[in-house]
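Chains as they are written, first to last, in the UniProt record's numbering: chain A, 1 to 560; chain B, 1 to 98.
I should point out that these hints are in silico values taken from the structure, not numbers from a laboratory. Be aware that a few hints might be false.
[As the list claims (entries may be wrong)] Covered stretches of chain B, as calculated for chain A (at least 3 residues, CB under 8 Å):
id: 1; segment: 10 to 23
id: 2; segment: 46 to 59
id: 3; segment: 83 to 93
Just so you know, these numbers come straight off a predicted model, no measurement behind them. We treat Cβ as the ideally placed atom computed from N, Cα and C, and that holds for glycine.
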Amino acid sequence: MYRYDEFDAAYVRERVAQFRDQTQRRIDGRLTEDEYKPLRLQNGLYLQLHAYMLRVAIPYGTLSSRQMRALAEIAERWDRGYGHFTTRQNIQFNWTRLSDVGDILDHLAAVEMHAIQTSGNCIRNVTADHFAGAAADEIEDPRPTAELIRQWSTAHPEFAFLPRKFKVAVTGSPNDRAVTRSHDIGLRMLRDANGAPGYEVIVGGGMGRTPMVGKVMRGFLPRAELLPYLEAILRVYNLHGRRDNKYKARIKILVHETGEAEIREQVEAEFRSILANGGAAHLPGEAELARIAAYFAPPALPERSAVSDREEDARTFDPVFAAWAEVNTTPHGVAGYAIATVSLKAIGASPGDATASQMRALADMADRYSQGELRISHEQNVILPHVARDDLPALHAALLREELAEANSGLISDIIACPGLDYCALATARSIPIAQDISRRFSDGPRARAIGEFRIKISGCINACGHHHMGHVGILGLEKAGVESYQITLGGDHTENAAIGERVGPGLGAEEVGPAIERLVDAYLDLRASPEERFVDVCRRLGLAPFKAAIYREDKRDAA
Amino acid sequence: MARSFVPSIVSANDLMIGDVVYLDASGGWTRSLAEAAVAHDAETAERLAALADQPGAVVGPYLADVALDGPVPRPLHFREAFRASGPSHRPDLKRHSE
């Protein structure tokens, strides 16, 4: 885990004191709301439908057990006993009182956390593969890179007022779990022919009202050149990004309107200029990169047999455990260990929500079974990254006690959903109740496992915080003629094979969505060539027409 | 043709707590829709909007259309209805369920 140095610690403390003072001045009337609003947003404090919401960054999704306990305490002491983990590896507290904000931020600072740059037109929390440092398929841990970018981008004076917000994601695995192709900048770690480390740099991806798959700006960028190259991209964007229209202000629009080749030329020219004008002198040297990387050194895991008799016995005699282990564990890079995904998608629950008691229990489990480490995934689940296979049955038993043992990772009830109109001031429709309804319809575990990988993603407005464009099934809640209306998109993919889903037809009423998804799934089960052929694969093979017919009951309408 | 006047109330978020409040007839703020001051005409709506300009007490006051078909003003837009009732996904988070 990265630990704050004296500069980090002092900076965060100063910012808390500064914001505490700004908040006090708003309360006693020395600041107007117009003056205060940009200040609170720079500190992650939003005013939502029912209360203030504080968005706290979880850099690259990594948490220590100590930090998780602090989040639990905040939820309990200053909120309503729960927190909401988001698709950008943040946590949101939905019931923050203005007079408590300073105390909450102090509490966060004590465990090296903050809410800075979780809002506003700046470089936001840098996200990463939630299996970082543990996955068997990893080329390299992406977190030292993400931390380097965090340090570079925090309070960077040149990039504090960009045309629009700016999001960066990093993956160290060829299997992209960080959605890099839908970020403003996505970085995929690579090795060149000589084994030297570097990045594929993807620029101009995004969701929102104009979804775009990012373009490869550089096929291979040597690791040492990362920061000046990022600086070049940001400078081109800062100079030419549209500030006249917020809907066209993201870098994806700049890349699209200017053209990929022209943007690449501008970025490369700026990059050369930075290096020629002394920028190279500011490159982090190998020693600094090594210093940061040392914080993410793999834990010293005791040697274990690759096969655990204890796990195998439990799989044989305990079908509930067997189902969970099959669906919610992933191969670890070290023999005898597994990565455990703890689902925050219990049937009928609100996706991504965890109670204070669950957070504390997860912290205890992390200490006992996972080297004190946790991760938050963009899929709104919690990861225990280093669990001995021998310990999986005991971990599962502990999860059962906390109602955290849903065996549905990657299945149809593992739904991403933004807070929607139940909380969000920008939302046009609710997301969570739609997720709850679908989840209940597919509560039967064997059926859900028979359906296989099935990614449903729900957004409550066009801003697409619920990643609906990249869902195998995307659901977008809008307002139509004074009622909630839900558009369905099919065929999206958030992985290295990134694809934007295609809208199939007119919106459905809230009560029509669940039944439509059931018909869609029935059609898929009829059409798939084998149980291994996922829904999104069938979409690619056959197109969307049969699924559109199922959603809108076109066969029945034709027959009538 | 001019739009006929729709009865309205003034809603805002409380400065300190951030929750939903309504302007009452005395120029104070209430959490009860039943106590909200209702404008039956444009002139009253304008007067209530002016009265609601209290930056030390609330954030973002605005007029919201209501129907007067029951004992309590009923917000016409579903967004306002959700603001009035609280989050819908957990019964314990409903307004007035604390």
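Verification of the supplied hints:
1. A count of 7 residues in the segment 10 to 23 of chain B with a Cβ less than 8 Å from any Cβ of chain A is obtained; the coverage claim is therefore met, three being the minimum.
2. Counting residues of the segment 46 to 59 of chain B whose beta-carbon sits less than 8 Å from any beta-carbon of chain A gives 3, enough to reach three: the coverage restraint holds.
3. Counting residues of the segment 83 to 93 of chain B whose C-beta sits closer than 8 Å to any C-beta of chain A gives 7, which meets the bar of three, so the coverage hint holds.
In this structure, every one of the numbered hints holds.
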